[in-house]
Amino acid sequence: MHRYAAPDLKPMAGHLTNFLGVRINPEFFPGLLNGRAGEVEGAPLPANWHADIAEWGAAFRAVDLSRETFTMIELGCGWGCWMNNTGVAARRVSRKVHLIGVEGDEGHIEFAKESLATNGFGPDEFDLHHGIAAANAGIALFPKQEQAGMKWGLEPVFGATEEQQRQQREAVKAGSHDALPMVPMSQLVADHARVDLLHIDIQGGEADLVEGCLPLLNEKIAYMLIGTHSKQIEGRLYDRLLGVGWRLELERAAHTGTH
1 MHRYAAPDLK
11 PMAGHLTNFL
21 GVRINPEFFP
31 GLLNGRAGEV
41 EGAPLPANWH
51 ADIAEWGAAF
61 RAVDLSRETF
71 TMIELGCGWG
81 CWMNNTGVAA
91 RRVSRKVHLI
101 GVEGDEGHIE
111 FAKESLATNG
121 FGPDEFDLHH
131 GIAAANAGIA
141 LFPKQEQAGM
151 KWGLEPVFGA
161 TEEQQRQQRE
171 AVKAGSHDAL
181 PMVPMSQLVA
191 DHARVDLLHI
201 DIQGGEADLV
211 EGCLPLLNEK
221 IAYMLIGTHS
231 KQIEGRLYDR
241 LLGVGWRLEL
251 ERAAHTGTH
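Each residue of the sequence shown is one higher than the one before, starting from 1 at the first, in this note's numbering.
Bear in mind the hints are in silico, worked out from the structure with no lab data behind them. If a hint is listed, it holds; no wrong ones were tucked in.
Just the calculated beta-carbon pair ranges, DEER-fashion: (1) SER230 to GLY122: 36 to 46 angstroms; (2) VAL93 to TRP49: 18 to 28 angstroms; (3) PRO143 to LYS96: 33 to 43 angstroms; (4) ASN48 to GLU251: 14 to 24 angstroms; (5) ALA179 to ARG247: 35 to 45 angstroms; (6) VAL40 to ASN218: 36 to 46 angstroms; (7) SER94 to PRO181: 34 to 44 angstroms.
Every residue, glycine too, gets a C-beta built ideally from N, C-alpha and C.
Please model the complete structure; the sequences and the hints are all you need to start from.
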């Protein structure tokens, strides 16, 4: 944490500034960050409003292990959280950066564009894809929301039956959903011999994606940070990844509630 912290941070009007110097528009999170514009927050020990020390530490570990260039992919990138945070950290230790994001919500893609520009990343340093991260190409349905930033856990629909496809066409026509391209991992990594960090948080589709492109991940990805959404998903990931030689460095187990 302290290695990447920025010294002598100054507040920025209209933005919350985190310990790295990353500027965040509070309007990205109505309700959660209301009234925090102009603040500078300390290191997330043990957590901040977005993530805990385990996720921060794993992300920085990938920066530690990178070489002259830090390349990362964030699947389900939202406002570009880990693109911005790891990109700024890598830049602080003199890495060139290339940041890649995939996001299904059109408003969140605009947030990511804004935040990357605010934090000093030029157009040649990032790529954003409005679509759904997947192992293979295709079309998926993604729900629309009236105001970006109100919901961050929207889930795409894959592999629809014929009846579901009919319902999807009606949903798209009614304007409640978008039909979006599925962006395959092979496309995202095609121009890169090594990806230093793959961050996956796609609302329950993590294990399906990993299982669907495991040979490619083995070949191209140096480090993965996966946000899981159930014990079942965790179990599948442990089985598949540990079984082919991946090593678990840090774990924060999913919490399961009952009623």
